[in-house]
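K.L.:
With the hints as constraints, model all of the structure from the sequences given.
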Amino acid sequence: MIAPPEINWLAILPLLILGLGAAAVLLVDVQWKPLPSRLNLLAVVILGLAALGTGAQGWWLSRREAGEVAGSPLPFGGMVVVDRYAIFAGLLLIAVAALGVGAGARFFESLGRRAAEGLALLLLSTSGFILLASTTQMVMMFLGLEIGSISLYVLAGFSRQEARSEEAAIKYFLLGSFASAIFVYGVALVFAGTGSLDLLEHRTLLDREIILRPAVLLIGLGLVVVGLAFKVTAAPFHAWAPDVYQGAPAGTVGFMAALAKVGGFAALARVLVTGFESYVGTWGTVVAGLAVLSMLLGSFLAVVQSDLRRLLAYSGVAHAGFILTGVVAGSSGVGSIWFYLAVYAIQLVGAYAVVAAVSGAASAGSPLSSYAGLARRQPLLARALTILLLGMAGIPLTSGFIAKFGVFQDAFRAGFGWLVVVAMVASVVSFFIYLRVIVAMYMQEPEGTEALLVSRPLRVVLVAAIAVTLVLGLFPIPLLRLTAISLPL
Amino acid sequence: MVELIVFALMAGASLTGGVTVIRARNPVYSAMGLLATLFAIAVLYVLQLAHFVAAVQVIVYAGAVMTLFLFVIMLIGVDKEENTAETIPHQRRLALAVGLIAAGLGIALVARGRFSWVPLVVTPAGAAQTNGTVQALAEPMFTDWVLAFEATALLLTIAAAGAIALASTRKPILSRVPPGGETGPGS
Amino acid sequence: MSLVVTPGWYMTLAALLFAIGALGILIRRNALVMFMCIELMLNAVNLTFVAAGRALGSLDGQMAVFFVLVVAAAEVVVGLAIIVAIFRRRQSASVDELSEMAG
Amino acid sequence: MLTALIVMPAVAALIVALIPRRRAELFLPIGVTVSMAPLALAGYLFIEFTAGEPGFQLVERTMLYAPWGFSWYLGVDGISLPLVILTALLVPISLAASVAITHRLKEFVMYTLLLEAGLIGVFLALDLLLFFVFFEAILIPMYFIIGIWGGERRIYAAVKFFLYTAFGSALMMAAIIALAVLTGRETGTPSFSYTDLLDLSMNQSTSRWLFAAFALAFAIKVPMFPLHTWLPDAHVEAPTAGSVLLAAVLLKLGTYGLVRFNLGLFPQASVDFVPIMAALAVIGIIYGAIVAIVQPDLKKLVAYSSVSHLGFIVLGTFALTSGGLAGGVVQNVNHGITTGALFLLVGMIYDRRHTKQIADFGGLQKVMPAYGAVFLFTIFASIGLPGLNGFIGEFMVLIGSFPSLPVHAIIAAAGVVLAAIYLLWAYERAFTGVPEKPENQKLLDLNLREKMLLAPLVLLMLIIGLYPKVLLDRVQPSAEAVLDRIEATTDYVAPAPGRLSQVLLIGEGE
Amino acid sequence: MTSLLWLVIALPLASATFLHFFGRRIGEPRAGYLATLAVAGSFALGLGAGRPFFSGDGQATIVKIWEWMPAIGAELVITWDPLSVLMTLIITGVGALIHLYAIGYMHGDERFSRFFVYLNLFVASMLTLVLAGNFAMLFMGWELVGLCSYLLVSFWFTKPVAAAAGKKAFIVNRIGDLGFLIALMLIFGAFHTLSFEGIFERAADVLSSGMATAIGLLILIGAAGKSAQIPLYVWLPDAMEGPTPVSALIHAATMVTAGVYVIARSAPIFELSPVAGPVVATVGAATALWAATIALAQKDIKRVLAYSTISQLGYMFLAVGAAGHIAGLFHLMTHAFFKALLFLGAGSVIHAMADEQNMDRMGGLRKRMPVTATTMAIGTIAIAGIPPLAGFWSKDEILGVAFARGGWFSVLWIVGLVTALLTAFYMTRQFVLVFMGEPRWELEVHPHESPRVMTFPLVVLAVLSVIGGFINTPFRTALEHFLEPSFEGVNLAHPPEGWLMFAILAGLSVAAGLAGAAAAFFAYNRPADLWRRFEEAFGPLWSLWRNGYRVDDIYGATVVKPGLRLAEEAAFSFDLPVIDGAVNGAGRLVRTVASRARAMQPGLVRSYGVLFAAGTVAVLAWLVLRGA
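Each protein sequence line maps, in turn, to chains B, U, C, F and W. So the first sequence is numbered by this note's numbering: it starts at 999 and just counts up by one. So the second sequence is numbered by this note's numbering: it starts at 23 and just counts up by one. So the third sequence is numbered by this note's numbering: it starts at 3 and just counts up by one. So the fourth sequence is numbered by this note's numbering: it starts at 195 and just counts up by one. So the fifth sequence is numbered by this note's numbering: it starts at 1450 and just counts up by one.
Please note: incorrect hints may appear among the correct ones.
The list that follows gives simulated cross-link-like pairs (lysine to aspartate or glutamate, EDC-like), each with its CA atoms no further than 20 Å apart [claimed, not checked]:
#, chain 1, residue 1, chain 2, residue 2
1, F, Lys663, W, Glu1516
2, F, Lys560, W, Glu1805
3, F, Lys560, F, Asp545
4, W, Lys1608, W, Asp1558
5, W, Lys1748, W, Glu1887
6, W, Lys1748, W, Glu1805
7, F, Lys636, W, Glu1516
8, F, Lys631, F, Asp491
9, U, Lys102, C, Asp98
10, F, Lys560, W, Glu1559
11, W, Lys1608, F, Glu630
12, W, Lys1513, F, Asp667
Treat the hints as calculated values from the structure; they're not laboratory data.
P.N.:
Put into structure tokens, the structure is as follows:
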């Protein structure tokens, strides 16, 4: 007879809360038809609960490490893992989602009855990426990836008014599915090469034995990396990102980009570090190559963009390259990657929140010209965007600098000095990108004069993003310490 | 020997089906090609003792998914010949080049004896375990894999909610379009 | 000389199917057909899983197939919904016409 | 105390931020007032500082993040002390000189104060990461100062300034990381502390590469030929306060960095790079001066003169002699004072006439005698007239460089002649003759405020020119210490009179 | 007394400072008197402190003021020895007289007190120069007098010529200074100090003759700049645009002699070189003749004197070059008297003629301005070398030294003799054109004698020009005795010994002087059309002289114009398009590359797919090639 499975509720608490929460949002909508703003609030509450759940996991983990409670960190037959890495990822993803609700508040409100679906998809997407980050089992990863991504495909096409929104959706969907297929084929080949689907087992196996003809394993690993590189918009798998981020409703782009990036990098780093660190000599240069390509392509192409969202998307490509710089450092780079991701993800949400406020929440497209003289029209937005852009540029005294510095330092320590030099050059080129926007906002005359409204949720998002940029820029130590211990099992 | 013959037939069928998918001018034919491939693969599953998987393949894929495909083809009315001439410059050539490089890489690997599909040594005891009966699969499904199984619930919720959200024609409350500006089917 | 059908044969077949699917995505412009190609690729993956599982003496391969299948199904639902939405507006399923955003 | 020096301007900026926007008339007075606090503290620092000590004083050191070896590590020595004081002095002056700015005045005052915090931080930081943070952070306020309150092509100039200097510092950051990583490998604990890095042993090629990375960053900042073209643009477009601080302090980051970091951290590479650096310095001296001759715009002229003058500093630095090094450091200060004053003066005439083209003036001496007098005085200080400050630095550099770099020193001396040509010719065209243009005939002479602004600078030009001991007593030991280290760690030996102890101090009174 | 020596410099400096701030307030004549008093005070101090030297028991002293630049061995120290005493007394003595004169001359100028600020500052600077105990401080004075010269030449800055002249003076001087500066570098490199004692006492041990030559020639360049010798004399004639007291003080009596002073001061170095001295002497002699010929044809009363100054400075160079330092300094002194006198006299004339400087429009002034005419006559006789006036004794000593040295110096001696003739000619010409004959001025000009405050200095200087020579005659070598301690260890050259030689040489030079004077008198003491015809007889040569051999034009065409062109090319054909172009080009390159790269993003899913697939294959290839 099949023994009933043992259920470790704590390990899946955040997923449960988010999944049930998504259902709850849909049901509440059907039952009571509340105002969309109430639904926004509900979503935030659910995310808050999920954060509490994740916190509970952290509390449990710390007690377990202190020897106070027993229990495996790998419940469900190793299908999920409760480690600091997963907990940090979870908290970060939830934070991004919560800020995303704030940034997209106006968008969701404009959706009317469809708001419930939008918010539910947001919650489900979050849960998917949390799952992606908190498993070592590759099929589970695939599931997490798909749960997260498919929701985003839908959200990309959520706008009714804009034809571009649908274009974004189909592009995202087709290429995303293509990438997923590649990813899962990679999983299959890794399975063929190692006989296991679990990264921890891969690690044990590779530590123990030398595989004589690892080609199939390497191809599999390569395909997995490609699949994840797609999600994090690393070049040359980035091509979709500018189109999608330009076409998708402005209110959704921030968390759309940030969630995928955080989740993708969490998985990528876990695969490479936990499972295949013994092959670092092999994949290191490949990842470094992707990093170079991303940094250069991203920053160069961003230079010639005339749409802020495309510009941010390309800069995101460059940022993916910068983070990959940390990935090449292997396990010693994980802390820096987390710091970078944490800072960048929140800056990203903040920046797109400004885009949503300026260009309209449901809009597709946000030409730079509409940002001319923003400092005059709405100083708060201009100042916020400036700070966030400077943070992204990695100017000292912003957290972006610490982030960049961290990954570069790790890469250097891992022997990738040349990569750091390329990265520095790319980051100078990327300065130009951000300066262009700042020039437009501060040093040019506005086109229109109508004042822009800054809603309360937006204000909260901006304050949070600015705080992350500036406070962590001046006092990065606590987060540095936290990220330094947020290591995978 | 039987396995060889069946494999050869089914391999041929699946490849033919696959080529049909990408060659047929009429999407309906493409769908048919895909169907053939799916069936052939189901047979290959059986050949490898993956009985339950084969059954699911037929039911879910051939039954549900392909039906959906055909339904949509009919719904949007693209069941006609279409022009498959390439319009993007260099597209085919580039695609071919990439394919050739990949093939060359594979051939080089195999030719130099650096390739093995399954590099690990398999214990004979293990091989017997792969008889994919319903019972054999049920045990992991509801023990180790139970979480994955549950996770599919999220996926299906998304599918449902997403399909509704995308395809529904409900109008937003706070339309940014001024009255009369939008001329949709509802007006 | 007896020809034994090893798992490698299946996996080679799967690789070919995967390649055909990938090629299809590159050369077909009908979103529906592209979509079918993705299904083709996922099927190739499944075949690989089963063959590898058999070669390794592990049932995990077959287990994985179910979940790939579910994902495929979910993708189909969403993907077709998107295609329908686009078709409503444009009366076309050609992705080549969707290049408003570029650069 | 050093921490307070850095924090104070930032707090001052905060105070200005708290003034309500409608009280626009308060921004400048309060800004100037609060910026007096760092000046007072800097004055106190000058008193507290023990002259004659070569090492770092008033050191503050707190480990911030041990895994990186990143600490809050401040200290001041004879090389940085004068620059800190100069910064603290020039900020109130340039703020008070900015009465012409009416648009977004509050931000302007805030940016200037933040700039001050960054500049002081750069000079005090002894942790390389901290140094880099300040080094790069000052770009932002300066960028806005040029970009918002600048002239017609301000955006081009601001972006060029930012990107050019950022490009240099980017490679320096890579080098800084490399240093920390190398110490980590050597001692097991990575560290960004200057004093820890001094003990680092490097092979030749590593140290050369790292030297080059640092040198590039600083050479752009200086700016050395051929990396100088951002400077004229930035100066021409920047508002007065921006130009003053840019010329007087920002450029000094480069020369300061060369002494502190290049010579300090890479002694062997410094010795190896002397031919290149010295050659570029001399080319800069001559080239900058020649190009300055024909500039039609006063600010551009002064900008190119900066290229020339800073060449002297670099030459002195890489002469690797006591006189050259000390002269270089002194020239840092002198150039800051004189060029600062020149830009203030140009700003004052610009406020009146809204042009900086030499051709638009003529006969100003007649209508603005006091202005003309101060201008001429400053010109002579800049030319290096003995008795004024410019001479001390230039003369020490030239005489001090001669033992080690005779040919360079001789060629560089020609720069002294060229300086007289371009500055006096400009003066002749702008100030002498009869004011013919009607708009020049009614110009008002310096008012009391402007005189008050210029007075401290003029006074300093005289004091340093006649009694440079106030500076030299503090600079010389630190400069000698740098030289000591180079001699101790390499087989370089300073040529015979290259050190103070070898100089015959005959001339004691009976 | 020596402890108060710093006051010698400080007094005029303090006066300058005071007048700078309060000059306008204390009003016109008082500011001038204060300034004069300050300089006179310095004179008195110098006299007091120098007394021991007069009696022969003075000890050379070094007085430290304060530390200046220890790293290069440069302190602010005063050297107090006979040489500096002599220079101090000349500067302050003549200076005080000229200050006094200027009170009258500058009467009514709106920047009256400012003029005295500069004048005082000049005296302080000049004293710094001659009192300096090391080369750094000397250089400081050297440059500061240049500054004052600049300020005073372009005192009337609203006249573009004046402004340009000041600038020219400063820049040409700077070119000379460059040589001097390089000399200082060589000295520092060789001696490890810039202090006089450290240098001169060890010079023989430290310097090779080659090095000594190099240093000597570089000092010569500096001296040629300051003392207006070939090829750097071009600034001095232009400098006549300054007020006349300035010309008298700076461009006749003091500043321009700084070069002579420096060479004399550096005698121990020059002695070590077989070449440097003769070169100096040759430059001097050449300049003397060259300038004298130019002076022949000048129309401007001050320009005659300017070229005369250059010529006379040439004599001094000839002397110090021939190691006749004392002869050179002697001439320096007497020249200070009579040339100051001549300039002041010329100033008096210009003053009287309402700023008319062209001698063509003068004539017959003798009756209107008797004091000026008389004193000018004395000055003319003195400079013409007619005994027993001062010029005779000093010039004769120089010629004697040259003659005594023999060899190449004999040639220089002949040049000197010819110059003496020319000098007498042009000075007499000037006197005749100005004071004798018929008036040629316009009717509205009413020449009158200058006020007392101006004529008093004239008289004093005239007296000095008469008696000044007796300080050092072959019969009574007081100056030589006085100065000798300053040239300890230096091989001084002397005129030939003995009565007969003196008589022959003196006879020759007096004959030359008389001949020149007589020729000029007869050529010019007749109606204007006649002497004009006389000048025309010389043809193009005369115009060449009148235009100073067109040296300014030549310099303009060969140095200034190409220099400007070079600067323009550098700035507008190189800096902007090439260097800055490269910078902007880098930016453009990024844009171009980026624009090209945009082609990768045509917005078509399938293109992205190809990119994707290609990337995948590349990743796989790389992995497999590296790992398997």
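K.L.:
Each hint: holds or not?
P.N.:
Hints and how they fare:
no., hint, in the structure
1, F/Lys663 / W/Glu1516, "holds, 7 Å"
2, F/Lys560 / W/Glu1805, "violated, 24 Å"
3, F/Lys560 / F/Asp545, "holds, 18 Å"
4, W/Lys1608 / W/Asp1558, "holds, 14 Å"
5, W/Lys1748 / W/Glu1887, "holds, 17 Å"
6, W/Lys1748 / W/Glu1805, "holds, 11 Å"
7, F/Lys636 / W/Glu1516, "violated, 46 Å"
8, F/Lys631 / F/Asp491, "holds, 18 Å"
9, U/Lys102 / C/Asp98, "holds, 18 Å"
10, F/Lys560 / W/Glu1559, "holds, 11 Å"
11, W/Lys1608 / F/Glu630, "holds, 12 Å"
12, W/Lys1513 / F/Asp667, "holds, 18 Å"
When held up to the earlier numbered hints, the structure conflicts with 2 and 7 and fits the remainder.
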